[in-house]
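With the hints as constraints, model all of the structure from the sequences given.
If you read the protein sequences in the order shown, they are chains P and R. Here the first sequence stands for residues 1228 to 1632, numbered as in the working numbering. Here the second sequence stands for residues 386 to 694, numbered as in the working numbering.
Any given hint might turn out to be false.
[As the list claims (entries may be wrong)] Residues from chain P shown here face chain R by an in silico Cβ test under 8 Å; the list is partial:
1. 1281
2. 1282
3. 1628
4. 1631
Worth flagging that the hints you see were computed from the coordinates, not collected in a lab. We treat Cβ as the ideally placed atom computed from N, Cα and C, and that holds for glycine.
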Amino acid sequence: MAAPTLDPAPSPAEEAVASYASEPKKARSLAIDTLVGEQNLSEDQIVRFFDEHKFPILEGKSVTFAYRGKADRVLLQHFIYGLETSQPFKQIAGHDVWYLVLELPKKSHLQYKINVIRGEDQHWILDPQNPQRALDPYGANSVVRTHGTERADWTYTDPETRPGQLVEHWVASQAFGGSRRIQVYLPARYRPTRRYPLLVVHDGHDYLRFSSLKTVLDNLIERLEVAPMIVALTNAEERLSEYPDHQPHAQFLTEELVPWLEEAYPIRREPLARGLMGASFGAVAALSCAWRYPGFYGQLLLQSGSFAFTDIGQHQRGPLFDPVVEFVNAFRKNPGRPSEKVFVSCGTYESLIYENRSMVPILQDTGMDVRYVEARDGHNWENWRDRLREGLSWLFPGSLWMVYE
Amino acid sequence: MRPLTLLGPQRLRPALVATFDRLDITGQVAAITAGWQEREAEVDEMREHLGRPVVDLMLHQRCEQAFAADLELFQAHRQRQDQLRKMQRLYRYRLDFMIQPARELLLSTEDPELLVAEQEAAIAALRQLDNQHLDRIAVVHREFEERIADQQFPGLERQRAEVAEILSGSAALAIAGGHVAVLLNRLRLFGLLELAGDLPVIAWSAGAMALGERIVLFHDSPPQGAGNAEVMDHGLGLFRDMLPLPHARRRLRLDDPCRVQLFARRFAPARCIPLDEGAEISWDGEHWRAEKPAQILHLDGHVGRLEAA
Chain P
1228 MAAPTLDPAP SPAEEAVASY ASEPKKARSL AIDTLVGEQN LSEDQIVRFF DEHKFPILEG
1288 KSVTFAYRGK ADRVLLQHFI YGLETSQPFK QIAGHDVWYL VLELPKKSHL QYKINVIRGE
1348 DQHWILDPQN PQRALDPYGA NSVVRTHGTE RADWTYTDPE TRPGQLVEHW VASQAFGGSR
1408 RIQVYLPARY RPTRRYPLLV VHDGHDYLRF SSLKTVLDNL IERLEVAPMI VALTNAEERL
1468 SEYPDHQPHA QFLTEELVPW LEEAYPIRRE PLARGLMGAS FGAVAALSCA WRYPGFYGQL
1528 LLQSGSFAFT DIGQHQRGPL FDPVVEFVNA FRKNPGRPSE KVFVSCGTYE SLIYENRSMV
1588 PILQDTGMDV RYVEARDGHN WENWRDRLRE GLSWLFPGSL WMVYE
Chain R
386 MRPLTLLGPQ RLRPALVATF DRLDITGQVA AITAGWQERE AEVDEMREHL GRPVVDLMLH
446 QRCEQAFAAD LELFQAHRQR QDQLRKMQRL YRYRLDFMIQ PARELLLSTE DPELLVAEQE
506 AAIAALRQLD NQHLDRIAVV HREFEERIAD QQFPGLERQR AEVAEILSGS AALAIAGGHV
566 AVLLNRLRLF GLLELAGDLP VIAWSAGAMA LGERIVLFHD SPPQGAGNAE VMDHGLGLFR
626 DMLPLPHARR RLRLDDPCRV QLFARRFAPA RCIPLDEGAE ISWDGEHWRA EKPAQILHLD
686 GHVGRLEAA
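Here's what the structure looks like:
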């Protein structure tokens, strides 16, 4: 009988790196080799090379990044957990051309910047050769998608789609004191005489800006993949304190916001028609809110939850995570049955993949209907956007199969 | 034989009026929008587009009223629908297991002499499964008919009489799309084709599906589920040898020869005709005619054009 091992199975990111590192060196024929192998490389050849290719260059599993400019060193700064964060470019001798070849599995989505170092100066810049960008609350990153992960059509504005509308409200809150601004998404062809399910979204503003949430909802509802629904887009004033299992936050959502919405809009007043959604700390907020009010929210959509915990010893994620760890530890010890259905997604290139995988059997043991999906992606808003179709259509299925308009 | 015209979706760029003009229909149009369910009454756009008097038959609402008036009818209907749903689930079990080998055989590059027989057998098994399912569904419908045959349902009869009255003053019947099962059930419950006599029929999307020999639900890339086309029920049988496929451009991977071939061969001899926006085909009781350029799924897996007449 084989001895048990304490080594965890490698993540796909680790597998990719391991496979790259251990592969015997063999002659590869990549576009960049035409420059690297050229003895008398001319300026014309370099210009032509940059003109003729789209960057990064995708060739099988190989992804070639290239940079042109004066530098002492050039680094690829990426966000794949398991890979060394800084990957050095090589310089073509005698020229200001830098390149790096990485091997990435298909269906990978990578966000990155280029770090150009001259003397004491470091500049993290967007890849000048790559027009593909992803916005996030901190600015933007360059994006590369390997084969099989092309951006889906339902994430783009579709002229054939009837748009829903956003309505702004201020909702009074005793839990917080004062009032909170929310936006309410009403689906196309909204009618007050109909009853709709309700989804309450954490970081609603960011979901709108960085995950195209309105476009996604418009398209998925238009295509009958998701039921027409009312979506409440909430935003925290102090996200890092309000989201990790914060009693006033849960109270606001459950005892103030939802009842207010149910009075203002035609919402089905039953748990299975009521959902919470969030990403990262927002997923912690969604889960902790449902945990504090078990049975009230029948549907949970948790994306890349920051479900840090400690079975033993101290966590290494810094003091911001103290309340998160306290909650997740308590949840893992006594999860109860917070909801009916829960959709969990996480990128395999995230540092949180272990915590999310570890959460799955705990959620399953509660008796909830659990669906867990992974993608070769990082902790970013495009990852969360790209999982919305699968998550929303599972929690709030539309009438696609039966309706032919 | 009543003139029958099938159209693609009408929502974005409605073209109904051209069909009515072509058929020289100038009088009142009786509309069936029961597939829109609670939106049934929203026919203003259609009325404006047609520029003719339009009377909505309100079959969805009439059905609800008939059910409310005749509880026995409602219960019989509900039990039948529950049974059909369960049967559909059971049918799906076998379908999901049988369709994959058929796809793999169509994609295989093994010795063609050996392969052809295996492919035919796999597709024949699927066709047999579909036919068995339809036979069982027919039994359920027959039992329903027998159950209600000797009873009087004054609520339903009253509604039927009103519908017949409207139809007698109409020059054509327009059947819109929507929820295909809801629409089919209402058409069947009211015996609509019987009431409509020889009125010209113009139908689109689910309306077109409901009038054929069999209803096939389809979507190659749904966000949930296997995406295997499935037989749902018998249609009203107003035409034969054709399977209308509304929204095929969006619902089917028409660039995948394996899927196209499997679809076409599984449902042959019916011809599988995409009914996308702009499509218009007519049936004279014997032959189909493309009034505007339309497509067809061929048995070899390619999608060709049906030329305009």
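Quick rundown of the hints versus the structure:
no., hint, in the structure
1, 1281, "violated (23 Å)"
2, 1282, "violated (28 Å)"
3, 1628, "holds (6 Å)"
4, 1631, "holds (4 Å)"
Consistency with the previously given hints fails for numbers 1 and 2, ordered from lowest to highest.
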